[in-house]
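For reference, the chains in residue letters:
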Amino acid sequence: MGSGNREKFDNPVVEWVDSRLPVFTLMQKEYGVFPTPKNFNYFWNFGAIAMVMLVTMIVTGIALAMHYVPHAAMAFDSVERIMRDVNHGWLLRYLHANGASFFFIAVYIHIFRGMYYGSYKNPRELLWILGVVIFLLMMATAFMGYVLPWGQMSFWGATVITNLFSAIPLVGDSIVTLLWGGFSVDNPTLNRFFALHYLLPFVIFAVVFLHVWALHVTGSNNPLGIEPKGKQDTLPFHPYYTIKDTFGLLVFLLLYVGYAFFAPNDLGHPDNYIPADPLVTPAHIVPEWYFLPFYAILRAITFDIAIPFTDIVLISAKLGGVLAMFGSIALLFALPFLDKHPVRSAVFRPWFKIAFLALAVVTFILGVCGGKPAEGLWVPLAQICTLYYYAFFLVIIPFLNKKEPVAKLPPSIHEAVLSKNKQG
Amino acid sequence: MSTKPTPANDQADEPTRRDFLYLTAAAFGVVGAGSVAWPLIDQMNPAADTLALSTTEVDLSPIEEGQAITVMWRGKPVFIRHRTAKEIEEAKADDSADLRDPQTDAERVKEGHEKWLVMVGICTHLGCVPLGQKDTDVKGEYDGWFCPCHGSHYDSSGRIRKGPAPTNLAVPEYTFLNETTIKIG
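Those protein sequences? They're chains A and B, same order as listed. Basically my numbering = 1-based index in the first sequence + 26. Basically my numbering = 1-based index in the second sequence + 211.
Hints were generated in silico from the structure; no laboratory data involved. Be careful, since some hints might not be right.
Stated by the list, open to error - Listed below are several chain B residues computed to face chain A (Cβ distance under 8 Å; list not exhaustive): (1) MET255; (2) ASN256; (3) PRO257; (4) GLY286; (5) PRO288; (6) HIS336; (7) THR347; (8) PRO359; (9) GLY362; (10) PRO377.
Keep in mind the model is a prediction, meaning the values are calculated, not measured. All C-beta atoms in this analysis are idealised placements derived from N, C-alpha and C, irrespective of residue type, glycine included.
Take these sequences, add in the hints, and give me the full structure.
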């Protein structure tokens, strides 16, 4: 970020600022002429899309916070007031509620892209890890945001999720009391969740800055998974990718506002329009759709893990479920160190490609299981899928490290693109 | 630093007064930071007014045999059930069954008041309120309570019999003030 060998700007105002604080030089270097692989497909739009969604959430969220009342007796009514009385309140709330879903859609596609094309591999491990940190922060923020309307799903979702911490041996109950600020989910809980829901997006913003910084050190990966070798392999970010990102963004935003305008409650749950009641549990508690695969993993552990032939339980079913759920995200942190195969892109790894696409299908099935009651065939199905999820990271990837043949890669992005054009 | 005399070779690895000062200063700083951090963490624990609401008195006289009521205590539902002779019998008969959290029925009620079962009505799995208080509710496979969230079955003594919950429904501290009044907490 130092000024270094700065080129002069013609505009005297820009030049005056830039010679004192080189922000224009920085933008020119990082977003103007920044060399970017020339073979991106549309999967590479979703980082920029996620960034726009984060800003949308912060802007609509700050507006909503001007009208929302974080008190157990008033929260529900204040949300209804936003919907009925506040000028454009309905619009702000529906954009915020559906915005959370579309933020997750963008991020899930972004993660899928990173895994499919091996973007987590050397030298981009830290870039990937920062991304998983953002994902975790998003989950915490989304969970606390869903509690704020103080409907039945808000209350019981908060109860179930905070109770996860009671599974921790010895200190679990003290931690839950500390989280609640009382003996059950109540006004103190709502108050602190509001404070943290306001704080965390800015923490996310800071980590996104580090994520983008790390990206601009290593440069982007690309569908071929080979590093650019020179100018013939890259394009300047502007105008080529500013335009491509803008086009993809507009298509994405159309879907988003389509939901917000025409189906604003389709992704939510009707029970959350019933005010919170600590004495009545809804018949079927489900989290928001973006948590369903993890919820299914939580519920898949229905058995205690004991020392064989004794009654000594090492891990109760409850603790086992909690460990399996958090473990499924911990595996994402470990992914760059588990996958040692020298080829990045699944395009040149037919075995990895099959195993990974199966993982995507399995994760989808887990999501379906998570939305169903924990009974009948849904339980063994979720257990099989959980087993595959773990096996993918802990068995299949180490196996492929040793056994999957190393394909011959194209000599350069440039030549690969040209030969593809000749064939087509 | 340039004026510092070069230590003799045999003293090079010995801790110096400066090392000692570094260590004590760092330790002092850690204790100081911890003592400032603790109030910031402890403020999240229940406040004095929340703790003040910690006992409830309940009049049992209007509860007929086979009926149950739910009262609030510390923001949680407490189940109070006037058990029938059949339910007490079932509960005692299962004392020797294969229990996940072994407890006899006698350990879960007050002596001489076996017909009154008082429990915190919160599933020990993830904190839902089990069904079974109303006559029309699903009572699970053991004629007690059933948690709809993740399918835990409790028997007529509130003991966990089937499903993911690790322990029996908790019995809160309570005392009989007289034959028909209890104080919870």
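These are the hints, each one checked on the structure:
1. MET255: Holds, about 5 Å.
2. ASN256: 6 Å, holds
3. PRO257: At 5 Å from the nearest chain A Cβ, PRO257 of chain B passes the 8 Å test, so the hint holds.
4. GLY286: 4 Å, holds
5. PRO288: Since the shortest Cβ distance to chain A is 5 Å, the answer is holds.
6. HIS336: 6 Å, holds
7. THR347: 14 Å, violated
8. PRO359: The hint holds - PRO359 of chain B has a Cβ within 8 Å of chain A, the shortest such distance being about 5 Å.
9. GLY362: Result: holds, 6 Å to nearest chain A Cβ.
10. PRO377: 5 Å, holds
Of the hints listed earlier, the one the structure fails to meet is number 7.
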